[in-house]
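With these hints in hand, go ahead and build the complete structure from the sequences.
Residue numbers (the working numbering), protein chains in the order written: chain C, 4 to 570; chain S, 4 to 570.
Among the clues, some could well be false.
Which bits of chain C does chain S cover? Going by a derived footprint, with three or more residues having C-beta under 8 Å, they are [as the list claims (entries may be wrong)]:
(1) 271 to 284
(2) 391 to 397
(3) 403 to 413
(4) 543 to 553
Keep in mind that the hints were calculated from the coordinates and are not lab data.
No experiment lies behind these values; they were computed from the predicted model shown.
Where is the CB? At the ideal position from N, CA and C, for every residue including glycine.
There are 2 protein chains.
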Amino acid sequence: MEQAVWRVDVNQQTVTTEPVPAGWQRLGGRGLIPRILLDEMPATCDPLGPLSKLLFTPGLLVGHMLSSCDRLSVGGKSPLTGGIKEANAGGTTALKMVQLGIKAMIVQGAPSGDDWWVLHLSQHGGRFDPAGDLVGLGVYEAAPRLLARYGDKVAIALIGPAGEMQLSAAGIQNLDKDKEPSRIAARGGLGAVMGSKRLKAIVVDPAGTSAPELFDKSLYLDAKKRYTKALLAHPQTTTYAEYGTAAIAMMCDGFGALPTRNFSAGHFEAVEQISGETMRDTILARGGEGDPTHACMPGCVIRCSNCYAGSDGKKISSPLEYETIGLMGSNLGIDNLDDVARINREINDLGMDTIEIGAALGVAAEAELMQFGDGAGALRLVAEIRQGTPLGRILGHGAGMVGKVFGVRRVPVVKNQAISAYDPRAIKGTGVTYATSPQGADHTAGLTIRAKVDHLDPAGQAALSKTAQLNMAGYDTLGACIFGGFGFATAPGAIRDLLRGQYGWDAGENALQDLGRETLALEREFNRAAGFTAADDRLPEWMTQEPLPPTQAVFDVPAEDLDGVFA
Amino acid sequence: MEQAVWRVDVNQQTVTTEPVPAGWQRLGGRGLIPRILLDEMPATCDPLGPLSKLLFTPGLLVGHMLSSCDRLSVGGKSPLTGGIKEANAGGTTALKMVQLGIKAMIVQGAPSGDDWWVLHLSQHGGRFDPAGDLVGLGVYEAAPRLLARYGDKVAIALIGPAGEMQLSAAGIQNLDKDKEPSRIAARGGLGAVMGSKRLKAIVVDPAGTSAPELFDKSLYLDAKKRYTKALLAHPQTTTYAEYGTAAIAMMCDGFGALPTRNFSAGHFEAVEQISGETMRDTILARGGEGDPTHACMPGCVIRCSNCYAGSDGKKISSPLEYETIGLMGSNLGIDNLDDVARINREINDLGMDTIEIGAALGVAAEAELMQFGDGAGALRLVAEIRQGTPLGRILGHGAGMVGKVFGVRRVPVVKNQAISAYDPRAIKGTGVTYATSPQGADHTAGLTIRAKVDHLDPAGQAALSKTAQLNMAGYDTLGACIFGGFGFATAPGAIRDLLRGQYGWDAGENALQDLGRETLALEREFNRAAGFTAADDRLPEWMTQEPLPPTQAVFDVPAEDLDGVFA
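Shown next, in the form of structure tokens:
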């Protein structure tokens, strides 16, 4: 189908289609989000108010089951940071949206009543179905009901109770290829924006449609072959298939950068008990529903996802990722994966960002609302979120909110978004990314841990972060997973040829970095209009003063270096 | 005594004195605060962290019991707004500080332990006394204990439980001339900053000192006579003596600008029951400890303060001010003064800003945490603040926090500080002040209700607000009460002659506006360095969309006008 912009007005309950404006055509995914917002929305608007818009933009390469390249970007103004927000996820939503011809979907307006709705999209257009029966349900219960109602060929993006409560750590869950609601566009509170529009779920029914036509099929297929071959040949592809993202736990701990007890240390004495190696051994030994190797989207050759089962062989959580292990394991002083998986499951079901909530629980432990190491205590706090108590709501708004309300000084946030599982004092290039990314603290905006540099030396980290940020903004605009980079980096020209084969236009020799540069420039333009300044591009003050054991490092990349990244 | 800068290091527990730098000499009160902070403190610092400084600066005219001109400014970086903060109060603290020769007191550093202290200041310097016995006490219990310990000639600035908990609505209470802790530097959370320094109280013992010498006594006394005569001749002086600030309730309601049920209306059907006239009649009828006319500082000829007693003749609250009646009366739908006075008393005792908490309770009522009109329900919520429960802490951080946590859209704040008791949709010049004042929403930064203009017409409001803001910043720098302006406005040259008579230097023909202009320029410079932009100089979005009954006005002063105020 011809690609179009789908506009959803939740006030009038209409869904209309429009041609794609010229300025939007060569953007997609993350890069298209600030472009649309700058064109259509006042940057100063209330993110949960009637002027706010919620965007769904498949990446440029989405639609053809290219390995790791069918990711969905969701975007808008973040109720957590107050700035631009893009959160992306695997699963099947983007693929099926592209099959319907959706270049971008813009959800706008304020609902006229308090009822909840399912937005149903198909080749016949869009409609609003009542969702009263789904209100308050976690995603693990809501998704099967939706599949029973709409058939199991649909893709679904949905929110949990956290999104309904408009909590700032609420994300948007998507079905994976096995129809589990496990692929969350997690960060920055976009689930709250969806909740403010009173949409419990978006169902994408691709019946009667197929993949969009390629402009130059042979060029495309040739590039695809080169990319896939390069990806399969990369040693990290095997590592991630076997251990998932948790492969990095031991490495990060070795650098003294594993968040431990609310970022008070970078080494966890029990790291081996929560490592990727232990996780794999445990999954294999227990058998049953557990699986160490699982693909989140059709066609992916990496398959870094997993399914973690309990001692009875029954699934607890899928997936169990490194960031969750870091933030809900070592960061809470919790040394066993069963506890981590149980907390993870609850947060997934509520439809929330495990990084933000892990960090929030760490601050809560510092405020003596739970004990470090107490998995049951953490689950009790998570239960408060589900109940919507005042304490639960505080936690559900993230680490910054917990610190503010309870007067804790050691709060790991930038632009009010939680720092992920790489302490920036010991991995300083990633610290530059946290500080300067328009997205707030986010490792996926430019992780530097694999660079062969002295991560403790402040010199050169700004340049390192800049390259990583440009690359990642490029991948996010393509709809490519961070691990797709293993292939693209060793298949020169593949991105250019894939885009030319798919669309006919030439993105040039430096397609990836050019897309990344444009994306970041647009994002920074949005943030400036929203009121951000250089003062926002800083790590928390205490991280510049408080040494991190065991390296005793502080974050000491100079302010001039931070301000120079995008100068 | 020679005026000096007193520097208090709470880490080393030292108090040292320094000569006044040349650039600080012709500033005082509000104007001196941003000057010191720009010279000494990174504007981006954590307001509750070790780099933050808390300032006490008597106004330029303080020290000679000039009517309404012995006010104390307290300042620092606001934990509520993240920007510059000055809050001023009457009482006796400033007068006695000046007698000790204190031009400015700078409290700095991070405490090394968890103990609480009394800072004792006298002609022998400063010392730290243990305050363990005062921890957790409200100001009504703590103040008499301090007076018993230090003698009844001292001035005291102290915090209540709210400041100890570092809540963002915590202020700093000061003794009035009758030794009641009733004069609060209320706004912006400076009590939390004092709490972060672990100072429960500051005791100022002036024994052995006297008023500083005048440079030209006859010039000063002549100017004083002109000013006092003008003040006594002004009709408003009589009005405020009889009715206090509550005189304005009926007028504000008449304009349709009286905050009613969380700013959802501008007229309160029961306004007559909470008016200044009713208050005066009630106080006089009940007799006992009640008193409709009371001076907060020695020498004041206006005496706008009061003491409100219950039907048994026993004092409930002193003073009961218009802002409290507006925010805790009509704004909560509460139609009897006894309830308002009881809530007021609790908030005073906790050491908090009644405007911020009144607005917070209004938002809480909208979130269905209490019912509008239910005084007992409001007192139950206030009890949560005292107990330090999660809900209490949310409330104690102010209206913005309540709105954020509970997802309420109608939240009356600018720069996260609550709007006071003049709805800006119906008094648009004051709306311009709320939007553009570096202090956040604050009527004392430039109230326009008395101007003879159409308050509903957006035209010309920016210029009106600008003049009011310059005047008020000038008065705050002099240490003059807002009502002192009734006298200064009709005694030309009095300010210039008073300053020349006191110090010898010539502040020029436009002394008031020049001081105001310099003050505002410094404050804006601080805020810019802290990361503020034009995007922060706006009223909440909903106030531009939601009509206010009965006038059905929205706030429609154009953004260009707002940006032009200080351009």
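Checked hints:
1. 271 to 284: violated (count 0)
2. 391 to 397: As far as the region 391 to 397 of chain C goes, the hint holds, because 5 residues have Cβ atoms under 8 Å from chain S.
3. 403 to 413: Coverage by chain S holds for the region 403 to 413 of chain C (6 residues, Cβ < 8 Å).
4. 543 to 553: That given contact holds, which follows from 4 residues of the region 543 to 553 of chain C lying within Cβ reach (below 8 Å) of chain S.
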